[in-house]
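Protein chains: 2
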Amino acid sequence: MSKSRAVVLVSGGMDSCVTAAIACIKHDPAFLHINYGQRTERRELKAFNALADHFGIERRLVAELTHLNKIGGSSLTDEKIKISETVPAKLFNPGEKEIPTSYVPFRNANILAAAVSWAEVIGARKIFIGAVEEDSSGYPDCRKQFYKAFDAVIELGTKPETKITIETPVINFKKSEIVLKGKELKAPFELTWSCYKNEDIACGVCESCALRLRAFQAAGIEDPIPYMVKPKYV
Amino acid sequence: MSKSRAVVLVSGGMDSCVTAAIACIKHDPAFLHINYGQRTERRELKAFNALADHFGIERRLVAELTHLNKIGGSSLTDEKIKISETVPAKLFNPGEKEIPTSYVPFRNANILAAAVSWAEVIGARKIFIGAVEEDSSGYPDCRKQFYKAFDAVIELGTKPETKITIETPVINFKKSEIVLKGKELKAPFELTWSCYKNEDIACGVCESCALRLRAFQAAGIEDPIPYMVKPKYV
Numbered sequence: 001m002s003k004s005r006a007v008v009l010v011s012g013g014m015d016s017c018v019t020a021a022i023a024c025i026k027h028d029p030a031f032l033h034i035n036y037g038q039r040t041e042r043r044e045l046k047a048f049n050a051l052a053d054h055f056g057i058e059r060r061l062v063a064e065l066t067h068l069n070k071i072g073g074s075s076l077t078d079e080k081i082k083i084s085e086t087v088p089a090k091l092f093n094p095g096e097k098e099i100p101t102s103y104v105p106f107r108n109a110n111i112l113a114a115a116v117s118w119a120e121v122i123g124a125r126k127i128f129i130g131a132v133e134e135d136s137s138g139y140p141d142c143r144k145q146f147y148k149a150f151d152a153v154i155e156l157g158t159k160p161e162t163k164i165t166i167e168t169p170v171i172n173f174k175k176s177e178i179v180l181k182g183k184e185l186k187a188p189f190e191l192t193w194s195c196y197k198n199e200d201i202a203c204g205v206c207e208s209c210a211l212r213l214r215a216f217q218a219a220g221i222e223d224p225i226p227y228m229v230k231p232k233y234v
Numbered sequence: 001m002s003k004s005r006a007v008v009l010v011s012g013g014m015d016s017c018v019t020a021a022i023a024c025i026k027h028d029p030a031f032l033h034i035n036y037g038q039r040t041e042r043r044e045l046k047a048f049n050a051l052a053d054h055f056g057i058e059r060r061l062v063a064e065l066t067h068l069n070k071i072g073g074s075s076l077t078d079e080k081i082k083i084s085e086t087v088p089a090k091l092f093n094p095g096e097k098e099i100p101t102s103y104v105p106f107r108n109a110n111i112l113a114a115a116v117s118w119a120e121v122i123g124a125r126k127i128f129i130g131a132v133e134e135d136s137s138g139y140p141d142c143r144k145q146f147y148k149a150f151d152a153v154i155e156l157g158t159k160p161e162t163k164i165t166i167e168t169p170v171i172n173f174k175k176s177e178i179v180l181k182g183k184e185l186k187a188p189f190e191l192t193w194s195c196y197k198n199e200d201i202a203c204g205v206c207e208s209c210a211l212r213l214r215a216f217q218a219a220g221i222e223d224p225i226p227y228m229v230k231p232k233y234v
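Same order as they appear, the protein sequences are chains Z and S. Reminder that position 95 of the first sequence reads as 95 in the numbering used here, one-by-one numbering, no gaps. Reminder that position 147 of the second sequence reads as 147 in the numbering used here, one-by-one numbering, no gaps.
Mixed in with the good hints there might be a few duds.
Just so you know, same-sequence chains aren't split out, so a pair can sit in one copy or run between any two.
Once the Cα atoms are required to be at most 35 angstroms apart in a straight line, the calculated DSBU-like pairs of lysine-lysine come out as [said to hold, decoys possible]: (1) K126 - K183; (2) K70 - K46; (3) K126 - K97; (4) K148 - K230; (5) K148 - K159; (6) K70 - K186; (7) K148 - K174; (8) K80 - K186; (9) K148 - K26; (10) K3 - K26; (11) K197 - K70; (12) K163 - K232; (13) K90 - K148; (14) K183 - K197; (15) K26 - K80; (16) K197 - K163; (17) K163 - K82; (18) K3 - K80; (19) K90 - K159; (20) K183 - K97; (21) K163 - K230; (22) K232 - K126; (23) K159 - K232; (24) K26 - K70; (25) K183 - K80.
Note that these hints are calculated values from the structure, not bench results.
Let the hints inform the model, and build the full structure from the sequences given.
Here it is as structure tokens:
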């Protein structure tokens, strides 16, 4: 029996890499990358294509959602807003309500909407996204409830015969568990890019590098990409 | 007291023109236009700017969602799919389940997502959209239920302090009632554009021209824009 088609959102980071490896087990994946005018898009796109090559994906699409850059409101899209150099506060204080400056307003809804449009046209029935709810930055659009609500919007906003649901296979994982799952599935972490600041050598200190290094350190596995500095986060 | 800010989605057609006139009564509007690579975008953008000038709107944004054109699947974005030359079947047969070829897959979710991102950054609490549920093409993403479900996604996918809801003031109107409401509010129909096919003189026979002419004829009001032909639809 042929595998059913799925759209996999691949930013090029470690979570989407492992999500892609999971999606490939049972599905025929089409890879979707989003350029939303983020600072490191050139490097992320390179990682996306390297991952698509690695997984042998022919069907790939880059959607340009550059209105998110025009709109701004995030350190990832507005050079005037400083990128945080620390692990997000909520990892030390689960009651923390402050959303990091790297939150791109309603970004994941924009991304999912594009994914659903593509899925409906190519006949994919699942959309995979590597969101992590608890052990990450605490963005509102990375919560299980958000994806559940979005499933209802898909059901109501597409053709009656269209059946598409969102899959979030790592949403309950600790970041270190994502590393371990990736190791088990031979996910090519060496091809991924996570740094929010640099496009040549990862800085090691921005929020995203901090989360990633902390995850590899907690998993007891060496991160295969080079860093300018490699602080201890666990 | 100063009026509260609202984002108004303005395609440039008659429904968004009247929706904008309604929004202007109680709000301070910011106008958002979407270029999704539709055939008549050049003309629609001209109508958008003419409407924004008319209503004295300084805050305007054009979001480029051209992935919807890359994705295709609609007669509005794919030249290989023929534009229907008739009033949609559902207007004669309410049980009709077939969605017109002009349906752009999940378009309104893409549009709303962009509107919410902008609204969150500029502090708008309402998003106005001129969707019409019954007396139009029968697109799934023009139904009240769809907007209600999207409100839940906004609540969950934005910052805790963000409160944004979608307003659909004409969703239950007949198209002829929209014409009458526009007349009452002195909405500038002469600046609008509805034709799906042409960018110079409206064809008068495409699905969108048919719906518009039918609405003006039912309202007993002369449509102020010129047409190549003007069939009787009522």
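Comparing the hints with the structure gives:
1. Proximity of K126 and K183 under a CA criterion of 35 angstroms is satisfied intra-copy only: 24 angstroms inside one chain copy versus 46 angstroms between copies.
2. In this assembly of identical chains, the alpha carbons of K70 and K46 lie at most 35 angstroms apart whether taken from the same copy (23 angstroms) or from different copies (21 angstroms).
3. For a Cα distance limit of 35 angstroms, the shortest separation of K126 from K97 qualifies both inside one copy, at 31 angstroms, and across copies, at 24 angstroms.
4. For a Cα distance limit of 35 angstroms, the shortest separation of K148 from K230 qualifies neither inside one copy, at 37 angstroms, nor across copies, at 47 angstroms.
5. Proximity of K148 to K159 under the C-alpha cut-off of 35 angstroms is found in both arrangements, the shortest distances being 19 angstroms within a copy and 18 angstroms between copies.
6. For the identical chains of this complex, K70 and K186 are inter-copy neighbours only, at 33 angstroms across copies versus 38 angstroms inside a copy, given an alpha-carbon limit of 35 angstroms.
7. In this assembly of identical chains, K148 and K174 lie within 35 angstroms of each other by CA distance both inside one copy and across copies; the values are 20 angstroms within and 33 angstroms between.
8. Proximity of K80 to K186 under the C-alpha cut-off of 35 angstroms is found in neither arrangement, the shortest distances being 39 angstroms within a copy and 43 angstroms between copies.
9. For the homomeric pair K148 and K26, the shortest alpha-carbon distances inside one copy (22 angstroms) and between copies (34 angstroms) are both at most 35 angstroms.
10. With identical chains, the CA atoms of K3 and K26 are at most 35 angstroms apart within one copy only, with a shortest distance of 6 angstroms there and 53 angstroms across copies.
11. In this assembly of identical chains, K197 and K70 lie within 35 angstroms of each other by CA distance both inside one copy and across copies; the values are 19 angstroms within and 30 angstroms between.
12. In this assembly of identical chains, the alpha carbons of K163 and K232 never lie at most 35 angstroms apart, being 45 angstroms within a copy and 39 angstroms across copies at closest.
13. For a Cα distance limit of 35 angstroms, the shortest separation of K90 from K148 qualifies both inside one copy, at 23 angstroms, and across copies, at 31 angstroms.
14. For the homomeric pair K183 and K197, the shortest alpha-carbon distance inside one copy (26 angstroms) is at most 35 angstroms, but the shortest distance between copies (54 angstroms) is not.
15. With identical chains, the CA atoms of K26 and K80 are at most 35 angstroms apart between copies only, with a shortest distance of 34 angstroms across copies and 43 angstroms within one.
16. Taking the shortest Cα distances, K197 and K163 sit within 35 angstroms of each other only across copies (31 angstroms), while inside one copy they are farther apart (38 angstroms).
17. Taking the closest pair of Cα atoms, K163 and K82 come within 35 angstroms of each other only across two copies (25 angstroms); inside a single copy the shortest separation is 41 angstroms, beyond that limit.
18. With identical chains, the CA atoms of K3 and K80 are at most 35 angstroms apart between copies only, with a shortest distance of 29 angstroms across copies and 46 angstroms within one.
19. In this assembly of identical chains, the alpha carbons of K90 and K159 lie at most 35 angstroms apart only when taken from different copies (14 angstroms versus 40 angstroms within one copy).
20. In the homo-oligomer, the alpha carbons of K183 and K97 lie at most 35 angstroms apart inside one protomer (33 angstroms), although the nearest pairing across protomers, at 48 angstroms, exceeds that limit.
21. For a Cα distance limit of 35 angstroms, the shortest separation of K163 from K230 qualifies neither inside one copy, at 45 angstroms, nor across copies, at 40 angstroms.
22. In this assembly of identical chains, the alpha carbons of K232 and K126 never lie at most 35 angstroms apart, being 38 angstroms within a copy and 45 angstroms across copies at closest.
23. Taking the shortest Cα distances, K159 and K232 sit within 35 angstroms of each other only across copies (31 angstroms), while inside one copy they are farther apart (51 angstroms).
24. Only between protomers do K26 and K70 lie at most 35 angstroms apart by alpha-carbon distance; the minimum there is 27 angstroms, versus 38 angstroms within a single protomer.
25. Taking identical chains as interchangeable, the C-alpha atoms of K183 and K80 are never at most 35 angstroms apart, the minima being 38 angstroms within one chain and 46 angstroms between chains.
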